[in-house]
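With the hints as constraints, model all of the structure from the sequences given.
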Amino acid sequence: MTSPGLAVPRAAAPTRWPDFSRPLAIIGMVIGWELLARLLAGSYILSGPIDILAYLLGNAGLMTRALLVTLEAAAWGFLWGNLAACGLALVALLLPRLQPLISGLALIFFCLPLVATGPILRVLYGTGTGPQVTLAALAVYYTTYLCLLVGLRAAPASWFDLVRTYGRGRMTELLRIRIFATLPYFLAGLQIAAPAAFLGAMVGEFTGAERGMGVLAIRAMRGLDVDATWALASVAAAVSMLAYGALGWIGRRLGSVPPALLMAPPPASGRSPLGLRLALPLAMGLLTLGVVVLLWQGSMDGLGLNRFFAKRPGDVFAFLFTDAQAAANRATLLSAFGATISLALPGYLLGLMLGAAMACAIVIAPALSTTMLPIAIALRSVPIITTAPLITLALGRGAAGTITIVAVMIFFPTLVACLEGLRRTPGQVIDVFESYAASPLRRLTGAQIPAMLPAFFASARMAIPAAFLAATTAEWLATGGGIGSLMAMTASTSAYGMLWSAIVLLALTASLLYLLAGQLEHLVLSRFASEQLVK
Amino acid sequence: MTSLLLPRRTFLSGGLGALGVMALGLPALRAQTLTPVALQLSWLHSVQFAGSYIAREKGYWRDLGLEVALNPGGPNAPVEPPVVSGQALVGISAADYTAAAVEQGAPFKIIAVAMQKNPFVIASLPANPVNTPADLVGKRIGMALANTPVLQALCTINGVDINAIEIVPTQYDAAPLLANQVDCLLCWETDLPVAMAIQGVESVTMLMADHGYAVHSQTYIATDDSLANRRDQIVALMKGEVMGWNDYKADTAAATDLTLAAFPDQGLDRATQLMQAERQVPLMFSDLTDANGFGWFTEETVAQNIETLALLGRTVTPELWDRSILEAVHGG
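Chains A and B, in that order, are what the protein sequence lines are.
The opening residue of the first sequence carries number 628 in the numbering used here; numbering runs sequentially from there.
The opening residue of the second sequence carries number 31 in the numbering used here; numbering runs sequentially from there.
Don't read these hints as lab results, they were simulated from the structure.
All of these numbers come straight from a predicted model, not from anything done at the bench.
Hints are all accurate, no fakes.
Examples of chain B residues lying across from chain A (beta carbon under 7 Å, computed):
{"id": "1", "residue": "Pro108"}
{"id": "2", "residue": "Tyr127"}
{"id": "3", "residue": "Ala136"}
Computed from the model, here is a short list of chain B residues facing chain A with C-beta under 8 Å:
{"id": "4", "residue": "Pro111"}
{"id": "5", "residue": "Ala204"}
{"id": "6", "residue": "Ala205"}
Restraint ranges, calculated between C-beta atoms of paired labels, are given here:
{"id": "7", "chain 1": "B", "residue 1": "Gln229", "chain 2": "A", "residue 2": "Pro650", "range": "33 to 41 Å"}
{"id": "8", "chain 1": "A", "residue 1": "Thr959", "chain 2": "B", "residue 2": "Ala333", "range": "29 to 37 Å"}
{"id": "9", "chain 1": "B", "residue 1": "Pro179", "chain 2": "A", "residue 2": "Ala1026", "range": "24 to 32 Å"}
{"id": "10", "chain 1": "B", "residue 1": "Ala209", "chain 2": "A", "residue 2": "Pro650", "range": "29 to 37 Å"}
{"id": "11", "chain 1": "B", "residue 1": "Leu64", "chain 2": "A", "residue 2": "Leu695", "range": "27 to 35 Å"}
{"id": "12", "chain 1": "A", "residue 1": "Leu907", "chain 2": "B", "residue 2": "Ala209", "range": "51 to 59 Å"}
{"id": "13", "chain 1": "B", "residue 1": "Ala99", "chain 2": "A", "residue 2": "Gly912", "range": "44 to 52 Å"}
{"id": "14", "chain 1": "B", "residue 1": "Gln182", "chain 2": "A", "residue 2": "Ala1026", "range": "22 to 30 Å"}
{"id": "15", "chain 1": "A", "residue 1": "Gly925", "chain 2": "B", "residue 2": "Glu357", "range": "40 to 48 Å"}
{"id": "16", "chain 1": "B", "residue 1": "Pro312", "chain 2": "A", "residue 2": "Met656", "range": "44 to 52 Å"}
{"id": "17", "chain 1": "B", "residue 1": "Thr345", "chain 2": "A", "residue 2": "Leu1139", "range": "34 to 42 Å"}
{"id": "18", "chain 1": "B", "residue 1": "Ala227", "chain 2": "A", "residue 2": "Leu972", "range": "42 to 50 Å"}
{"id": "19", "chain 1": "A", "residue 1": "Arg934", "chain 2": "B", "residue 2": "Pro312", "range": "36 to 44 Å"}
{"id": "20", "chain 1": "B", "residue 1": "Ala99", "chain 2": "A", "residue 2": "Arg797", "range": "50 to 58 Å"}
For glycine and all other residues, C-beta sits at the position ideal for the given N, C-alpha and C.
The structure is reproduced here in structure tokens:
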């Protein structure tokens, strides 16, 4: 077993870590957990491993049945979501002009919050696991799509030159080069998707499910059953870690060593005139907007969804601009939005930085991965409703708590994506650094970080909707302000006009940030990793 | 515990026929003559809806020609959309939720009231109790911010300055009270205080309904369209409900056992469910229901509701309530 950090080509450590470091670290973590639980005993916030184990043994039948129900929904969602991602990425690759449109649509669908999709899915599917599967699929397709987009173009330019020399076209490029180049990225995407699918299925059960782990989690939380709550959280985390490990193992079995990137600048292409470079994105933005509005109106009309809860574009426009209370509606929405963004942005940046920094730390000191990766996966796979009380206890209910919750949600995907990026540093380049006896730090800054940049920017884009999702959830659960609580109130006030207006505002903001990240990426990549620019 | 319950479930369903037939994969036999309808519950399965389970398991609805699906709710499953869409014939809401939905254009009527007294309480610990609304002054209260109008209404009715209370936004969970992050909680009489009692923590509850907060809860709602065109089905559905809840009142322990047997995958704890079942009785049954039957309401109780709803910022008229279904149920 090698840790991901050790898989850097030819970076064989001269002194091997003793084999018992890994079990020791795990035992240490478990003991620390138990001690913390003992320390917090009586506060009904955290349970230790011993109590959790006792609970699991005492309720083995109940937990197994619930796990199977949720796991099945998660597995179907995982399958459908990733298939959808592959389809979208293929279309985006084969029709490059449509890529901004597809990315825009993919992003906007990903921005739809559970509060809005839950009731609609339940009305569409009736009873059964349809909503759970759909929400699990919605939770994974976007991250996989972005990973695929990076992977499909992460091949040396010279390989494409070769294809062109033989007079072959896009199809050959795809079949002979891109699919193999993308495999490691695809697997990294699947590793990110696994915990997300499970969490999506669990949260999907909040929309009125007959059984499953989400159902048990709600009951345990309200029943002050801390052992049950943390037993459920532990099972969720264990499932995600197993899936993560299994996908990593498959990746290594397939021998999916990414092709080494030769750091050569791309063939200089004629630059288009400035006017065209500005007009194109603008036109594409308008086109995306038009398609979204058409899809929105068309799907709701087509499905015959009642206007009471399924607001149409025209309803939102009226709510914000032509109704008698339009000005008051706008004021309420904007002040809530201001509160949310002031927490989501710092959490976003913090999560990105922590994820990238941790990936770098693991490359320098691979032993860290033993302790850090399980924690990162656990944080991503345990529902926020379980961890939020612990975080608010430690950091209070103010800004710090919310920012931390946002950072936690973003940290894991960033870490995984960046680790994958770091692994792609060309062996020859590493050789050069080693032959000069350069320090690991020097190697990191000189070679590995530039190789990581595309993956980092992919995470930066992935994290935008995730940041809003986390911030609004935290507001709903802990701080009670902002867009999150506006949306949560819909259940009791039926204020669906406000809900859909909030969704539109969040989706627009996310799209703008996405474009901004894209510009920044272009700027940075053209300097440090020009071979990976979209051509 | 589970293994003990399973035989009982098999016994129950076998004896009752319908479930047993379904288990054999032969649902078509009786379904041909039964009209399928759905009742949208407002929360996860528990004794909160035990009367409905009794009606289903004892075949009250079957005898009335209905096959009723009891669709569970959840934290993200509002009742109003499935009812407005016609997916559910009747939904279980609350007067304030329904009033808001009607304000947003939903054509709902309240046709019966399961909880005569609103279940909202202020729960506190005996060492630092809240016995009257005046005791709230200077206290930290843990609640969802969305419930601020509820607290505001209670304060207005009792002449308490809401600014003298510190509102702490919390999850719906008793832990913040036990961890001393707050002094009291705004919650239901039948959930968090029960959870604390089961954990061995004694708590003090002040029922808001005893201090002027009159909002019908666990109300049955239906759309104007259903009331006009599917009236017989609604009457049959409510007839079964009334019979089920009358059985419930007669024997809460049996109702609890039936609930546990019907939902083995829900992780229900018998002691918790039994206590919840008992605490529900005084909220659901009163002199009014003893005299007129389960679910009843009068012009007077409606007027009290309209007054409290006005404090919650909801302007409603008595036309929101429609007693014709109950009159058909209890009269026929």
